[in-house]
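**Student:** First to last, the sequence lines map onto chains A and B.
Letter by letter, the first sequence follows residues 1 to 67 in the working numbering.
Letter by letter, the second sequence follows residues 68 to 462 in the working numbering.
Check the hints yourself; a few may be wrong.
What the hints assert, rightly or not - Keeping only pairs whose Cα atoms sit at most 35 Å apart, straight-line, the calculated DSBU-like set for lysine-lysine is:
(1) A:Lys13 / B:Lys196
(2) A:Lys40 / B:Lys196
(3) A:Lys64 / A:Lys19
(4) A:Lys19 / A:Lys61
Note that these hints are calculated values from the structure, not bench results.
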Amino acid sequence: MIMSDSKDFDFNKAVEELKGITEYLESDEVQLEEAMQKYKRGSELASQVKVYLDQAENTIKSIKQPD
Amino acid sequence: MKTLKMIDQVLTVSEFNDYVNQTLEYAYPEVIIEGEVSSFKVNQNKWVFFDLKDDSSTISCFMSIYQLKLPIQDGMLVKVHARPKLTQWGKFSITIMSIELSGEGSVKKAYEILKAKLDKEGIFSPDRKRLLPQFPKNIALITSRQAAAFNDFTTVLSDRWSGLNISHYQVQVQGEAAIDQIVAAVEYFNKQPDDYDALVIIRGGGSLEDLQVFQAEPIVRSIFASTIPTMVAIGHEDDVSLAELAADIRAATPTDAARRLVPDKKEFLDDITSSTLMQTELLRKTIVKSRIVLDSFNHSILILFKSLQSTIANYQVGMTAAMDRLIAAHWSSLDAVNAKLVSLNPEAVLQRGYAVVRGDGDSVVRNYQDISIGEQLNIKLSKGQLDVKVIDKYK
Numbered sequence: 001m002i003m004s005d006s007k008d009f010d011f012n013k014a015v016e017e018l019k020g021i022t023e024y025l026e027s028d029e030v031q032l033e034e035a036m037q038k039y040k041r042g043s044e045l046a047s048q049v050k051v052y053l054d055q056a057e058n059t060i061k062s063i064k065q066p067d
Numbered sequence: 068m069k070t071l072k073m074i075d076q077v078l079t080v081s082e083f084n085d086y087v088n089q090t091l092e093y094a095y096p097e098v099i100i101e102g103e104v105s106s107f108k109v110n111q112n113k114w115v116f117f118d119l120k121d122d123s124s125t126i127s128c129f130m131s132i133y134q135l136k137l138p139i140q141d142g143m144l145v146k147v148h149a150r151p152k153l154t155q156w157g158k159f160s161i162t163i164m165s166i167e168l169s170g171e172g173s174v175k176k177a178y179e180i181l182k183a184k185l186d187k188e189g190i191f192s193p194d195r196k197r198l199l200p201q202f203p204k205n206i207a208l209i210t211s212r213q214a215a216a217f218n219d220f221t222t223v224l225s226d227r228w229s230g231l232n233i234s235h236y237q238v239q240v241q242g243e244a245a246i247d248q249i250v251a252a253v254e255y256f257n258k259q260p261d262d263y264d265a266l267v268i269i270r271g272g273g274s275l276e277d278l279q280v281f282q283a284e285p286i287v288r289s290i291f292a293s294t295i296p297t298m299v300a301i302g303h304e305d306d307v308s309l310a311e312l313a314a315d316i317r318a319a320t321p322t323d324a325a326r327r328l329v330p331d332k333k334e335f336l337d338d339i340t341s342s343t344l345m346q347t348e349l350l351r352k353t354i355v356k357s358r359i360v361l362d363s364f365n366h367s368i369l370i371l372f373k374s375l376q377s378t379i380a381n382y383q384v385g386m387t388a389a390m391d392r393l394i395a396a397h398w399s400s401l402d403a404v405n406a407k408l409v410s411l412n413p414e415a416v417l418q419r420g421y422a423v424v425r426g427d428g429d430s431v432v433r434n435y436q437d438i439s440i441g442e443q444l445n446i447k448l449s450k451g452q453l454d455v456k457v458i459d460k461y462k
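Only chain A is shown next, with the shape it has when bound in the complex:
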């Protein structure tokens, strides 16, 4: 999956998934085929996270106060 819009990217979810992949690979019940799929997904997520942090900007919005 290639990230098209950084606004749609769920950073927290990606980081959680990445953690989950490392935990799976560390576990004793690793199956080779699944491990390879998860590793591939992990690499994708890592690069998406990097791109997000590189591209996303901080915005400051002023709240219009009620009179």
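Starting from the known structure of chain A, arrange chain B on it as the hints suggest.
**Tutor:** Structure of chain B alone, referenced to chain A:
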């Protein structure tokens, strides 16, 4: 002049009071008086009465409880903004519009009273402190844009992290108006608590009196009531404000607040790289482990195959031996049968010297009574035959 005319005029008591009040209002629209509080009391949980005094004089004070935002106690030095008034009962008093603590002693005393009261309610309880999200995205920010705190906070945030949406609610951070504004701001953001990951209230350093706003009970309570997790940073190293104590997270300064709020991008990316390397290493180990498992499987299969081969070979040997035994047994019984057959062969009997006697019709003669004297018989010997005639017979 009006006052001169009044000498001839008869007034009702109420009219007189009204005139006096008008005069007072004209002469003293607002006065600021400093004095020590005594005989402080609250009536019907609505009206506040106390006396303000100095070494030689005393004046009665009156105010609504809604205007009382500080814990007042006898002996405290306060500064009041007030209007003098003659009441309908003819008593002179001042109506207070706002009150602030005066002098360090009063400030500290008020702080301790309120702190003890709120502490008893569990407002500062560590048990109810919530964690802020590790990677917040939507930040509710309450501060004054004019203050250095605003720039310090946003600059450090931008240096450290990306993709933040900061919603800034402009408030004053000192003075009487600040209290209501900050409470309104906290309530505003909490109307849609799901839209924000953290609510941050910041202010730069200041004197102890400047920071009084953040000791105010309404602010402390609004922070306590916030559904959005809170972080408060009032840049005053020596004293912790009650607002900070009520917050989920307290930061020392606005800069510190930014650091605590978001991780450092560079450190985080280093972690991601380490995590990728770790995943690669774990996958490599899995592959190696799978190979070992596969090799061990192959080895097991080989051993199993060899053992089967040997079992089959053993079976073959066993079967051959069994067959041999079976055949030998057959042969042996066949020999016995053969011997018997051989012994029963008439030819063999003849060879032993016996003969077969046949009469008429080739029938074998077994009884002398079946033969008549003179009858012709055939005798079969082992070698050759004899035709003979019976000359006598007897038992």
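**Student:** For each hint, tell me whether it holds in the structure or not.
**Tutor:** Each hint tested on the structure:
1. Among the hinted pairs, Lys13 of chain A with Lys196 of chain B is consistent with the structure: their alpha-carbon atoms are about 24 Å apart, no more than 35 Å.
2. Our distance criterion of 35 Å between C-alpha atoms is broken by Lys40 of chain A and Lys196 of chain B, whose separation comes to about 39 Å.
3. For the proposed pair Lys64 of chain A and Lys19 of chain A, the alpha carbon gap of about 39 Å is over 35 Å, so the pair is violated.
4. A distance of roughly 32 Å separates the Cα atoms of Lys19 of chain A and Lys61 of chain A; the hinted pair therefore holds under the 35 Å criterion.
Hint compliance for this structure: hints 2, 3 are broken, all remaining hints hold.
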